[in-house]
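Model the placement of chains B and C on the given structure of chain A, informed by the hints.
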Amino acid sequence: MPLILAVDDSPSMRRMVSFTLAGAGYQVVEAVDGQDAYEKAQHQTFDLVLTDQNMPRLDGLGLTRKLREHPKFKTTPILMLTTESSDLMKQAGRAAGATGWLVKPFDPARLLETIQKVIK
Amino acid sequence: MHAPNTPLAEQPALQLPVLLVAEVQDALLVVVHDLDRLDGLVAHATDRLMARLTTALGGLADPALADLPALDAVRNTLRAAVTELQCQDLAAQLVGHVSKVLQGCAYRLASESMGQEDGEAVPFVDEVPECPNPVTRAEKDGGSIELF
Amino acid sequence: MNTFESIASAQSLLPENAGEPGALTGGRMSRVDELRAQPRKPGEASFFYVDHHFQYDAVKVFPGEYFVSGDDVLIMTVLGSCVAACVWDSAARVGGMNRFMLPEGEADAVRHGAYAMELLLNAMLKMGARRETLQARVFGGGAVMPRFATTDVGARNTKFVLDYLATERIPVVSQDVLGLHPRKVCCFPVTGKALVKRLAHTHPEALAVEERRGDAVSVAKATAGGSVELF
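Residue numbers (my numbering), protein chains in the order written: chain A, 1 to 120; chain B, 1 to 148; chain C, 1 to 231.
Just so you know, the hints here were simulated from the structure itself, not pulled from any lab data.
Some hints here could point you the wrong way.
What the hints assert, rightly or not - What follows is a list of derived Cβ distance ranges for each label pair: (1) C/Glu106 / B/Ser144: 52 to 60 angstroms; (2) B/Thr54 / C/Asn122: 32 to 40 angstroms; (3) B/Thr54 / C/His53: 52 to 60 angstroms; (4) A/Ala22 / C/Asp152: 32 to 40 angstroms; (5) A/Gly25 / C/Ala155: 38 to 46 angstroms; (6) B/Arg48 / C/Thr151: 48 to 56 angstroms; (7) A/Gln116 / B/Leu49: 25 to 33 angstroms; (8) A/Gln116 / B/Asp67: 24 to 32 angstroms; (9) C/Ala155 / A/Lys117: 45 to 53 angstroms; (10) B/Asp72 / A/Thr45: 31 to 39 angstroms; (11) A/Val118 / B/Asp47: 56 to 64 angstroms; (12) C/Ala114 / B/Ser144: 54 to 62 angstroms; (13) C/Asp152 / A/Gly25: 42 to 50 angstroms.
Glycine included, each C-beta is placed from N, C-alpha and C at the ideal position.
So here's chain A without its partners, still in its complex pose (with noise of 0.2 angstroms):
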């Protein structure tokens, strides 16, 4: 059962997230910034994280390059799911290893195809 790390600092996203994924049959979970996610991900290999932008300690894009420069983490699909949307942060995101960037509110259903269509 793929395991997904879901980072978001809103309790009521973290809720929302895993309540659509585990509805689908992913093992979920959460972490409330990404300095919280990066301390997870040294105990657990993640299939695929998905990440919020704006969080206290370490942003979504800090989590994003720091994950990249893990050797555990090289590949591992790394989808943002921000408010951000603006071109500027959508590079940034392409330039710390991001694999896709997703602009809130997602569509539980949209959410479920993408992350099948990249998840190894």
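Frame of chain A; chains B and C shown alone:
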């Protein structure tokens, strides 16, 4: 809120009654307080809605209902409701931004109008965020997906 | 000079030109002098002065004190981890402010906090306020010396005053509490509004000492019922 090149102290100034300044700052802080309450109300309602959604879908997962394809449409509709429920997160971001702006104004007003006693520490003022917030900027792109 | 004025002068808190005798023509006393001449109840603030920045007759409230008025005066204080409740009656148009810090120990804390709130509220009721028309603004409770405090004193004070007001069903219309900054609060009983500014703490120790010492004094006063000497 940015001063141009001349220091603020050297720019033309206005005189305002003390009670008026207090009135304005008070109004700003009262609405910040109200926004906080609004944020709490919306978050609580969303939690309750999510709980009901989960219960409803749980009920529809009953094996006795497995052979009713018409219920698939019901299940999908319920799952799709998560799209609208996310407005709570967007609302919270927007409210948070508005709150920061109002607080910045309130404390800026106070630091400029309240003077300084001998030995008193300098006023500390949070910066007023300048950019429009991400939620406003993203209005037309909500829901978009781009794979790199 | 009373006890609190002697604390103030020891810490050099007296603003410039404080203590000028009434210089009005015809031998009339200034309002500040009139206020100084009046006898004060236990816990009532008594440090009157002229605030030259605002051009206002003013009273400074020290830890454990309160002040209530219906006049056009300024009630002010500087808060570290102490909390202040500014309460106003919109019908009677009287307002007041207290300032307190809870002592350690649950029972002592409740007794002290309730006493501080009752002093303020009873004084307001005596001046014509009614519980139904009261509204509160709460300030302070900052963690101004986070490295040296084992418990968050400010958070404890804040929780107490907010719970107390909720129990008494006095609505809190605004608040600026917690965080890391001291605050200067100027409350205007004639309109019920307060001006609050956050301060960068350059000498948090001085403020913390003042607050702890003031608290000890007011606890002693509350229990002993007499005057207190500081050595």
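What hints, given by number in increasing order, does this structure fail? 2, 6 and 11
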